[in-house]
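Student: Got chain Y sorted already, so can you dock chain R onto it with the hints?
There are 2 protein chains.
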Amino acid sequence: MKQLLAMISVSTLVVFTSAHATSWQALPDKAPAPANNPTTAAKVELGKTLYFDPRISSTGTVSCNSCHNVMEGGDDSRPNSMGVNGQTGGRGAPTVWNAAFYSTQFWDGRANTLEDQAKGPMTNPIEMGMKNHDLVMQRVRSMDGYKTMFKTAFGDSKMTIDQAAMAIAAYERTLITPDSAYDRYVKGDKKALTSQQVKGMNLFAELGCTSCHSGPAFNGQAGVKLGTPVLMKFPTFTDNSYVKKYDLASDKGRENVTGKADDNNLFRTPTLRNIAVTAPYFHNGKVVTLDEAVKVMAKTQLNIDLNASQAKNLVAFLESLTGPFPQQTMPRLPVTSGKSVVVE
Amino acid sequence: MKQLLAMISVSTLVVFTSAHATSWQALPDKAPAPANNPTTAAKVELGKTLYFDPRISSTGTVSCNSCHNVMEGGDDSRPNSMGVNGQTGGRGAPTVWNAAFYSTQFWDGRANTLEDQAKGPMTNPIEMGMKNHDLVMQRVRSMDGYKTMFKTAFGDSKMTIDQAAMAIAAYERTLITPDSAYDRYVKGDKKALTSQQVKGMNLFAELGCTSCHSGPAFNGQAGVKLGTPVLMKFPTFTDNSYVKKYDLASDKGRENVTGKADDNNLFRTPTLRNIAVTAPYFHNGKVVTLDEAVKVMAKTQLNIDLNASQAKNLVAFLESLTGPFPQQTMPRLPVTSGKSVVVE
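First to last, the sequence lines map onto chains Y and R. Each number in the numbering used here corresponds to the 1-based position in the first sequence with 51 added. Each number in the numbering used here corresponds to the 1-based position in the second sequence with 51 added.
No lab work stands behind these hints: they were computed from the structure. Any given hint might turn out to be false.
A pair holds if it fits inside one copy or across any two, identical chains being indistinguishable in the list.
What the hints assert, rightly or not - Derived pair list, reagent style SDA-like, types lysine to any residue, alpha-carbon separation capped at 25 Å: (1) Lys198 with Asp342; (2) Lys390 with His334; (3) Lys337 with Gly137; (4) Lys170 with Met122; (5) Lys390 with Ser246; (6) Lys81 with Thr380; (7) Lys390 with Pro229; (8) Lys170 with Gly137; (9) Lys182 with Lys209; (10) Lys170 with Asn136; (11) Lys390 with Asn335; (12) Lys182 with Gln138; (13) Lys363 with Val394; (14) Lys390 with Tyr293; (15) Lys276 with Thr225.
Every value quoted in this text rests on a predicted model; they were computed, and no experiment measured them.
If we strip away everything but chain Y, and leave its shape as in the complex, we get (with noise of 0.2 Å):
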């Protein structure tokens, strides 16, 4: 363990919890909202419209829900995802279900918050292709159905890009999934889980795997001062066949972001609430099935080779972090009576 915590960079917060101290936590049922941003029902209405509105992307095909969608595990079934006139980029989108219980966004933490977030995709060339914010909120904007949405939201007419991040973080807050049979076990329904998965559980934490994926979200983040990047070394240990197998070291990571090398394959560290519908795994989606990808993860990051029973029953334990997902209704998407609101 002391070797783990060694490589850890210096700017990076760690949440460390002993195999033999993990204290297991239910999901709260309500994520938390920061002060500036207050959950309100109007705002979750127009966030979740703007989510599923594919008209602020160039070619009027990419919305959030593309990449994140939340009628699957919050994710989009791809290694990579895909963005506008079929660009792809390097890395996996992380599922939106829970993001609301992450200290940072993005795989290497480089937005403090859900609403910061959720502005960048937009005007990312390979993601949603707008060419600035202005842009965006230019279409919103030709919209009536949004001018009202956005009044009855935020009390004034300004239709601001940051009042739209605003609205998609609000909306995304609403985005969890507190009641799977992992947490009704730990609130005491003992029969919520099976044998196999109870097995799993003890040895996920007998293993170590919870030095870093600890707390509600299993994602070693709870309490954490938001805009504080919680990430960890991947892979931390290289001398395996997985890492060229999985091509697991060429992604910088957090170097990317901050340019020293000592953040070199740094990388936020991931819920596990609904791993088991959100293959494939990893930055780079190279891993394909749950199964390996736990094997991959004890190898390169604890150095054990796990053998096939102790996968299984790891896996049996992620499965009881599925779900369930709140039922939703669609939005209505407003329109411009009459006129074209994608120009390209």
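Tutor: Positioned in the frame of chain Y, the structure of chain R alone reads:
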């Protein structure tokens, strides 16, 4: 009028309504379903799930809903639709709302039924891009959730592409908008339309728009036997500036299907239901506003130059054909636990 009729291909059925005898009809509260595919709740639920599932496209990014977005006007706000890898074709996506009231499907009527239509885009290389329907169903079969849904909907475990198409068609038959301002007006609520809309409605009949756009769906296809294309030459009158300006004559329309020169430029008469929320206009989406679209129609189909006031009144009437759209819940897309579904 004689001139119009003379230009119509003999292979085409034409429903002709004199302006003076126009009978205004409300949309039925239920769409007709073929005897071999009665609409059931289980089929509709399965169909909705498949309709929203992007994983049955090669890239995992394009679902039926991508181009026929039911959260919008049932289309995609684009001049031409965009399929996998950013590819585009030459035509715009017709709205799925009220598609159940067509006697054939596609702009050129090349599919007889909604069931036939549903299968086309899946294997079209520039739409959903799957190599064949077996591969589509291989992905669907890999997900346990779908197994249950097919079993419930069809009572067997076959999971065929035809069953998938039947389910999608069943869902689409629920996508109707029978309670527009126009419908309420026709049913007796004389306050449902503004005086301008009533002016536009009368003008619509007087000018002869009802020659083609007749019946409850304004597509001349009420009572027409399923599988019978109702087509019209567009443009009929070519001696005007619109044909060149909007490139109206280069798409051969029905001729592409039959190979017959007589079928050149023949297109299915589209519904006018929700036309105000489905800009841009016509098969090629070259006309950006509804105001311009009615002028183009009057000139190219009736050889009439509308003045500004006439166009405005017609647009006001057409706006009365919008929605309301039933609220829908989002489907939850099945998964294969811990395994990638999309493998290109």
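Student: Each hint: holds or not?
Tutor: So, going through the hints one by one against the coordinates:
In this assembly of identical chains, the alpha carbons of Lys198 and Asp342 lie at most 25 Å apart only when taken from different copies (23 Å versus 48 Å within one copy). Proximity of Lys390 and His334 under a CA criterion of 25 Å is satisfied inter-copy only: 16 Å between copies versus 40 Å inside one chain copy. Within a single copy, Lys337 and Gly137 get their C-alpha atoms as close as 19 Å, and across copies as close as 23 Å, so both meet the 25 Å cut-off. Taking identical chains as interchangeable, the C-alpha atoms of Lys170 and Met122 lie at most 25 Å apart whether they share a chain (22 Å) or sit on different chains (22 Å).
For a Cα distance limit of 25 Å, the shortest separation of Lys390 from Ser246 across copies, 23 Å, qualifies, whereas the shortest one inside one copy, 59 Å, does not. Taking the shortest Cα distances, Lys81 and Thr380 sit within 25 Å of each other both inside one copy (19 Å) and across copies (22 Å). For the identical chains of this complex, Lys390 and Pro229 are inter-copy neighbours only, at 23 Å across copies versus 42 Å inside a copy, given an alpha-carbon limit of 25 Å. In this assembly of identical chains, the alpha carbons of Lys170 and Gly137 lie at most 25 Å apart whether taken from the same copy (20 Å) or from different copies (23 Å).
Only within a single protomer do Lys182 and Lys209 lie at most 25 Å apart by alpha-carbon distance; the minimum there is 21 Å, versus 48 Å between protomers. Taking CA atoms no more than 25 Å apart as the test, Lys170 paired with Asn136 passes in both settings, with 20 Å inside one copy and 24 Å between copies. In this homomeric assembly, Lys390 and Asn335 come within 25 Å of each other (Cα to Cα) only across copies, at 15 Å, whereas the closest approach inside a single copy is 40 Å. Proximity of Lys182 to Gln138 under the C-alpha cut-off of 25 Å is found in both arrangements, the shortest distances being 16 Å within a copy and 21 Å between copies.
Taking the shortest alpha-carbon separations for Lys363 and Val394, only the inter-copy value of 23 Å comes in at or below 25 Å, while the best intra-copy value is 51 Å. Taking the shortest Cα distances, Lys390 and Tyr293 sit within 25 Å of each other only across copies (18 Å), while inside one copy they are farther apart (53 Å). Proximity of Lys276 and Thr225 under a CA criterion of 25 Å is satisfied intra-copy only: 20 Å inside one chain copy versus 48 Å between copies.
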